[in-house]
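Modelling step: build the complete structure from the supplied sequences, incorporating the hints.
Here the protein sequences line up with chains A and B, keeping their order.
Sequential numbering of the first sequence, starting at 67, is according to the working numbering.
Sequential numbering of the second sequence, starting at 6, is according to the working numbering.
There could be a bad hint or two in this list.
[What the hints assert, rightly or not] Label pairs and their computed distance ranges (CB to CB):
1. N27/B with L188/A: 43 to 49 Å
2. S295/B with A197/A: 35 to 41 Å
3. G193/A with G285/B: 31 to 37 Å
4. D165/A with E31/B: 27 to 33 Å
5. Y75/B with L188/A: 52 to 58 Å
6. Q221/A with K311/B: 23 to 29 Å
[Stated by the list, open to error] These stretches of chain A come out as covered by chain B in the derived footprint (C-beta under 8 Å, 3 or more residues):
7. 255-267
8. 273-283
9. 314-325
10. 335-341
Simulated from the structure, these hints should not be mistaken for lab results.
Glycine residues also receive a C-beta, built at the ideal position from the N, C-alpha and C atoms.
Letter by letter, the chains look like this.
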Amino acid sequence: MSQPLLEVKHLRVEFPTRRGTLVALDDVTFDIAPGEILGVVGESGAGKSLTGASIIGLLEPPGRIAAGEIWLEGGRIDDLPPDRMRAIRGRRIGAIFQDPLTSLNPLYTIGRQLVETIQTHLPLNAGDARARAIALLQETGIPAADARFDQYPHQFSGGMRQRVVIALALAAEPKLIVADEPTTALDVSIQAQIIALLKRTAKQHGAAVMLVTHDMGVIAEASDRVAVMYAGRIVEIGPVQQVIHQPAHPYTVGLMGSIPSMESARERLLQIDGAMPRLNAIPPGCAFNPRCPKVFERCRRERPDLLQAPSTRAACWLVGPSSEGVR
Amino acid sequence: MSTLVEAVDLAKVFDVSPPWLNRMLEHKPRQYVHAVDGVSFTITKGKTLALVGESGCGKSTVARLLVGLYAPTRGQVRFDGLETQTAWNTAEGRALRRRIQMIFQDPYASLNPRWMVRDIVAEPLREHALVSDSAMLTDRVSELLRQVGLSAADMEKFPHQFSGGQRQRISIARALATQPEFLVCDEPTSALDVSVQAQVLNIMKDLQRQRGLTYLFISHNLAVVRHVSDEVGVMYLGRLVELADKTTLFASPRHPYTRMLLDAIPDIGMTGRARTPVQGEVPNPLSPPSGCAFHPRCPHANERCKRERPALLDFKGIRVACHAVMEGRIAVAA
Chain A
67 MSQPLLEVKH
77 LRVEFPTRRG
87 TLVALDDVTF
97 DIAPGEILGV
107 VGESGAGKSL
117 TGASIIGLLE
127 PPGRIAAGEI
137 WLEGGRIDDL
147 PPDRMRAIRG
157 RRIGAIFQDP
167 LTSLNPLYTI
177 GRQLVETIQT
187 HLPLNAGDAR
197 ARAIALLQET
207 GIPAADARFD
217 QYPHQFSGGM
227 RQRVVIALAL
237 AAEPKLIVAD
247 EPTTALDVSI
257 QAQIIALLKR
267 TAKQHGAAVM
277 LVTHDMGVIA
287 EASDRVAVMY
297 AGRIVEIGPV
307 QQVIHQPAHP
317 YTVGLMGSIP
327 SMESARERLL
337 QIDGAMPRLN
347 AIPPGCAFNP
357 RCPKVFERCR
367 RERPDLLQAP
377 STRAACWLVG
387 PSSEGVR
Chain B
6 MSTLVEAVDL
16 AKVFDVSPPW
26 LNRMLEHKPR
36 QYVHAVDGVS
46 FTITKGKTLA
56 LVGESGCGKS
66 TVARLLVGLY
76 APTRGQVRFD
86 GLETQTAWNT
96 AEGRALRRRI
106 QMIFQDPYAS
116 LNPRWMVRDI
126 VAEPLREHAL
136 VSDSAMLTDR
146 VSELLRQVGL
156 SAADMEKFPH
166 QFSGGQRQRI
176 SIARALATQP
186 EFLVCDEPTS
196 ALDVSVQAQV
206 LNIMKDLQRQ
216 RGLTYLFISH
226 NLAVVRHVSD
236 EVGVMYLGRL
246 VELADKTTLF
256 ASPRHPYTRM
266 LLDAIPDIGM
276 TGRARTPVQG
286 EVPNPLSPPS
296 GCAFHPRCPH
306 ANERCKRERP
316 ALLDFKGIRV
326 ACHAVMEGRI
336 AVAA
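Structure (structure tokens):
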């Protein structure tokens, strides 16, 4: 494997509140190689979007990075001053958000927004910037890009808007793309088009992609590796096939079993009883222990780190050299 | 097996014209959306019919027509042999409302935030005078809450104290309060996380088994539909394009749109598999295409498809609205 493009090391994000400090992300460690798509899944509130926001430097105050480091192409970026980070955002990190309507300015034509982004980051004159903008629109599959260039966001459908947002994210050839639920607001038939587009552009530009979504189907379709998050921590990480078909962590097992699949015709879905704990009530030991069917004494006392499981890495006391794994 | 619910040529047209003054000053025409346009189906007692389709295809409008929240522009709904539209306003209609209940998509919007769970679940009981005193009411409510996996102590709480999945259970408890025979569920799990979705779907299936409930289940998620339904209707721009039992529909989809949907949906079983990308988007319902509404996106469309609208016809045990299938232009995989 080549040198990772993005390295996140022991990231910890805290929200100080009047009633004490909430730890929203704790000890999150992963990396992404150039050209690789890493899927990040989990239920709402698991910390997936927060991880993305920390990387692009858009954590909402009072949230703050309390510990850990983020490295992009061998340089540390989490401690940069805001203006330096601003230069990186858009130039070296592109961002795609869930709702394409709110990521575009309704008062400017999409052409103007693209040209502005391009000229902010690249030394191009107006004519070249326009040519590049139209090329980007064509690349993202917008028909009649010439004519569409001068239209406003409201004149585009949801799927077309998301293509424009992807074009914006790609404008300065970023090395890393953080896509936060890029297909959630779209219809199913459009979803597939957007996923295919993301995959193709990532490959062509050699960009690394962090794909945040709660939709396991999208992850299965698009990503090379998956990180499963639960209560602010990564509980399992590994190649997509292995995580889906041979999960090691009981939470991943439950999560996969709870998804109705087109292929297996199970009469009853596997269900994980209860709900994910709130940030102010994360239990001691393994955060999943109150809902875990395989819980034992050690889980309630001691928190497991990511351990080597047969085909993935999982934060569970049942995996690792001293046990035979969950089956 | 008897038919419980029957929709006959159901249609709903919405007037979305600009205001009168604009029409006069700017010479804008009146505009109509045919949200549902001639939909017919039957649901057998104790079974689940699922309607699937993309946003704007009219599936939620069908749900609202069935429970009487909208009056149909054309056609009728029959429940247990009774024509509902005329019945709603009669004495029988009151009994009818008790037998038909609905579960809505968004559990954050469908529960009154100022009411305690006790009052929310008890409202249908009070409304239909099904309980006589408050002790009996408390008994009934706690029993209903237990049935959906909540505890009797939850009665004294407000909706904001519950998670999304728990709130959806409260709406199920409320829907069950009048002991209905028919439940219309409009995307009941779309707002929920997958692990919570599994809990809600399991409860719905258990209740169906225990009480012989009949469901109309609206969803855009084909995997969920496959899990819960007995029969599936696929809708596109206000019309049914295919209606078949679950096994047949998923094993050998006939209509090109059904095939496209099945192809398009990312599924955890399909890691990295290459497949044919779907072309185009749903047309604007204000100006639907001529002939078959799907023809601009259909790989099998010809002149006839652009001209003539196909009817929903019987074809080898299923019902499908497609010229290409009827003419045998589409090779059917075994």
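Structure-based check of each hint:
For the pair N27/B and L188/A, the supplied restraint of 43 to 49 Å holds, since their beta-carbon distance comes to about 45 Å. One distance hint, 35 to 41 Å for the beta-carbon pair S295/B and A197/A, holds here, with the actual separation near 38 Å. The hint said 31 to 37 Å for the Cβ distance between G193/A and G285/B, and at roughly 32 Å that hint holds. As the Cβ distance of D165/A to E31/B is approximately 32 Å, the hint placing it in 27 to 33 Å holds.
Restraint check, Y75/B to L188/A: a C-beta distance of roughly 53 Å satisfies the suggested window 52 to 58 Å. At about 26 Å, the CB distance of Q221/A to K311/B agrees with the hint of 23 to 29 Å. Counting residues of the region 255-267 of chain A whose beta carbon lies closer than 8 Å to any beta carbon of chain B gives 7, which meets the minimum of three for the stated coverage. Counting residues of the region 273-283 of chain A whose beta carbon lies closer than 8 Å to any beta carbon of chain B gives 4, which reaches the threshold of three, so the coverage claim holds.
Under a criterion of three residues with beta carbons nearer than 8 Å to beta carbons of chain B, the stated coverage of the region 314-325 of chain A is upheld, 6 such residues being counted. By the rule of at least three residues with a Cβ nearer than 8 Å to a Cβ of chain B, the coverage given for the region 335-341 of chain A holds, with 6 such residues.
In summary, this structure violates none of the numbered hints.
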